[in-house]
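Produce the complete structure using the sequences and hints provided.
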Amino acid sequence: MSATLDARIGQQWRKPPLIQRPWLRWVLLIGGVVYFILAMASMEVNWSRVYEGLDRGWQFVLAFTNPDFTSRATDIREGLIESAIMAIAATVVGIALSIPIALGAARNIAPLPVYLFCRGIVALSRALNEIIIAILLVAIFGFGPLAGFMTLAFASIGFMSKLLAEDIEDLDRSQAEAVRATGARWFQWINYGVQPQVMPRLIGLSMYRLDINFRESAVLGLVGAGGIGATLNTAFDRYEFDTAAAILLIIIAVVMMLEYLSGIIRGRMQ
Amino acid sequence: MLRLEGLTKVYPTGDKALTNVTLDIPDGEVVALIGPSGAGKSTLIRCINRLVQPTSGKAILDGTNITSLGSGGLRRMRRRMGMIFQEYALVERLTVMENVLSGRLGYVGFWRSYFRKFPQSDVDEAYRLLDRVGLLEMADKRADALSGGQRQRVGIARALIQDPALLLVDEPTASLDPKTSRQIMRLIRELCQERGLAAIINIHDVKLAQMFVQRVIGLTKGVVQFDGPPDTLTEEVLTRIYGEEDWKETIRKVEEEEEAA
Amino acid sequence: MPQVIAGDGSKIWMLRDRKAQFIRWGAWLVGTLIFLWCWQRISAATEWFFVWDAPRIAADIGGRAMPPRWSYMDKLWEPLWDTLNIATLGTFFALIMAVPVAFLAARNTTPSALFIRPLALLIIVSTRSINSLIWALLLVAIIGPGVFAGMVAIAIRSIGFCAKLLYEAIEEIDLKQVEAITATGASRWQVMAYGIVPQIMPAFAGIAVFRWDINIRESTVLGLVGAGGIGLQLKGSLDTLAWPQVTLILIVIFGTVILSEWVSAKVRGAVI
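Chains as they are written, first to last, in my numbering: chain X, 1 to 270; chain V, 1 to 261; chain L, 1 to 272.
Read the hints as simulated data drawn from the structure, not as lab findings.
Please note that a few of the clues may not be correct.
Here are the computed distance ranges between Cβ atoms for each label pair [said to hold, decoys possible]: (1) V:Asp144 - X:Val33: 28 to 34 Å; (2) X:Gln11 - L:Met201: 26 to 32 Å; (3) L:Ile258 - X:Val45: 28 to 34 Å; (4) L:Ser43 - X:Ser71: 58 to 64 Å.
Small disclaimer: the values here were computed from a predicted structure and weren't measured.
Glycine is no exception: its CB is placed at the ideal position from the N, C-alpha and C atoms.
Here is the structure:
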């Protein structure tokens with residue numbers, strides 16, 4: 001038996017803590033607990049109101065077993081078509097605009113001023129919630145699907161450009177350089193050296209974004225920017241839970257279908 | 001002692017992995033299981049501790065038929081069979097000490113193990129085993145910080161802390177370099193001798209097997225083709241197990257053994 | 001077949017053969033037609049008079065919105081605190097609920113692939129597909145306006161998101177490690193605690209921080225439907241056309257979001 005073993009035998013063993021410094025560990029732990037208590041205390045729940053609401057909540061759950069697709073069928077259909085239109089158009093325009101911005105926001109391709117400008121657009125688009133943009137655009141362009149379309153397109157630009165730019169920044173240098181070494185021009189270089197590497201991801205992302213845009217288009221109606229959201233909002237305001245349930249079920253079904261489709265398309269692309 | 005009686009495994013796909021395997025392995029005997037890939041070596045040792053459910057037949061350890069046990073009884077039997085894996089199968093994100101102590105999970109309750117409050121005797125034994133395999137200083141390192149040979153030593157310590165009667169060893173050297181492979185095989189043999197353990201070792205390297213075991217079993221397509229001491233393993237026997245090939249270089253000569261010793 | 005025989009019998013290299021090219025052009029054509037149809041529908045539903053007037057209106061609003069009314073900040077601290085709480089507590093409760101759902105949904109840990117797994121997947125899809133603002137709308141109708149409704153909305157919306165990412169992580173674990181723990185005679189729960197949980201811990205931490213960051217963004221607008229937080233002030237200011245206040249609130253929201261993104265990047269860097 002070695003000396004170090006003798007020293008250890010009979011000693012308690014504890015798992016080494018995740019955070020090595022004891023003071024930091026305690027500060028984080030106590031801080032977390034204090035925050036939790038303060039946050040819960042400032043929540044101000046009106047329990048009697050919640051209790052009253054349970055009944056309505058139950059009715060809503062029941063509505064899902066018996067959704068009403070028919071009594072507002074025209075409104076639902078119009079709203080759905082408008083949502084789909086906004087989502088498709090915004091995805092197409094969003095992608096078209098996001099490609100040049102992504103190229104500009106990739107540090108290994110763009111010069112610094114262009115890079116900063118494009119990154120600025122991306123940051124702005126990502127930081128502002130869709131709903132806020134929609135409110136502003138409705139105030140400027142008036143009610144209707146145009147404001148919704150522009151909102152979704154703007155949001156798509158931030159999302160797609162950021163991911164694409166990161167992809168371009170990570171792409172295989174040697175492949176791109178091999179093309180450049182042949183004496184290709186900038187456009188040829190992008191076309192042969194960059195595009196083939198980024199393309200499969202671009203298509204996957206587009207499907208994903210279409211899915212997000214459809215989901216988002218369901219809320220834009222709440223602020224007057226067109227789509228199924230307006231119908232849904234009306235249904236809630238009138239406590240027509242069976243119609244609301246029908247709309248929500250349709251949204252869920254469409255989202256599931258889109259996810260399934262994008263799974264197939266992405267599988268084929270690989 | 002371990003006794004296998006007519007052990008058979010047919011996978012749902014219809015592949016017959018084991019056909020009517022009958023074997024006796026006395027206490028303290030170290031056995032090498034050789035055979036081509038897909039011969040059912042891995043399935044055989046997994047049928048013994050029922051990580052794979054055998055289709056029919058019995059595996060009897062010290063008088064208890066493992067194949068007919070319920071889940072509680074199976075867990076108690078698994079404690080008596082330590083297992084060592086090809087790619088170490090350590091829980092990478094846990095420390096070396098936690099990995100070794102995980103060998104005691106069958107003996108302690110859930111909450112004790114969840115809060116890492118193992119009995120002091122287990123902790124002491126873990127330290128002793130880590131010292132024995134030469135990794136005492138590594139006790140609080142995370143398993144993914146170790147080299148392949150070191151990981152396999154932790155795997156051995158984890159199997160031994162179970163206080164087993166039998167070691168099931170699945171390709172212990174397949175991911176290691178030749179020198180480390182020998183060290184690991186030597187360690188396993190020494191530990192089996194010290195503790196009087198029986199062991200079944202799946203191994204690809206025939207030469208290495210001959211060096212360290214008392215008995216060799218050859219398996220082809222789920223059927224036992226050969227069973228005997230390592231020095232009776234002739235070219236003819238290897239051809240029977242693996243198929244036609246020039247085996248001269250593979251079989252270890254007796255003179256070599258004397259040189260090594 | 002990448003080769004085509006030209007008229008004079010010599011072979012010309014082409015990337016795609018004629019049929020593939022035809023399908024490709026067809027797909028582009030259909031896509032373009034769909035887009036044009038969408039655009040035509042949007043255009044038909046738009047009052048173009050307002051749109052041409054838009055630059056003037058934008059300039060008008062912009063003129064009124066500047067400068068921001070900084071003194072209004074005094075009234076924003078409390079809603080900001082509420083927003084933080086909605087996002088943090090919402091994420092916290094969502095994670096508590098998402099963990100069991102994820103284990104029930106993952107193929108390798110579900111107790112029954114036939115009955116329980118589809119149920120868990122249904123929970124995931126239905127909570128995920130519906131925006132938190134709609135959940136808030138619904139909860140305001142059910143349990144009344146306030147911070148609590150907002151928190152519950154965020155929590156419900158996040159269950160599906162977190163559970164989906166988590167169950168994908170569970171399905172990707174290394175089964176050898178699980179097998180090794182099982183072989184020691186460990187019970188089902190011990191296998192979970194020693195074989196599975198350590199492997200998914202980094203994914204779990206990443207998901208938690210990622211979702212918290214998203215939830216901060218989402219909770220800034222929940223007030224628009226009465227579910228508490230800074231969105232309540234935004235709605236009030238918009239309804240009274242108090243544009244300088246709107247500007248200030250937007251600046252505050254922008255700052256909060258940037259800050260939360262910075263925090264989440266830091267924490268993720270430290271954890272993983």
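We went through each hint and held it up to the structure:
Restraint check, V:Asp144 to X:Val33: a C-beta distance of roughly 32 Å satisfies the suggested window 28 to 34 Å. For the pair X:Gln11 and L:Met201, the beta carbons lie near 27 Å from each other, so the given range of 26 to 32 Å is met. A C-beta distance of roughly 31 Å is found between L:Ile258 and X:Val45, which places it inside the suggested range of 28 to 34 Å. A beta carbon spacing of about 31 Å between L:Ser43 and X:Ser71 contradicts the range 58 to 64 Å that was offered as a hint.
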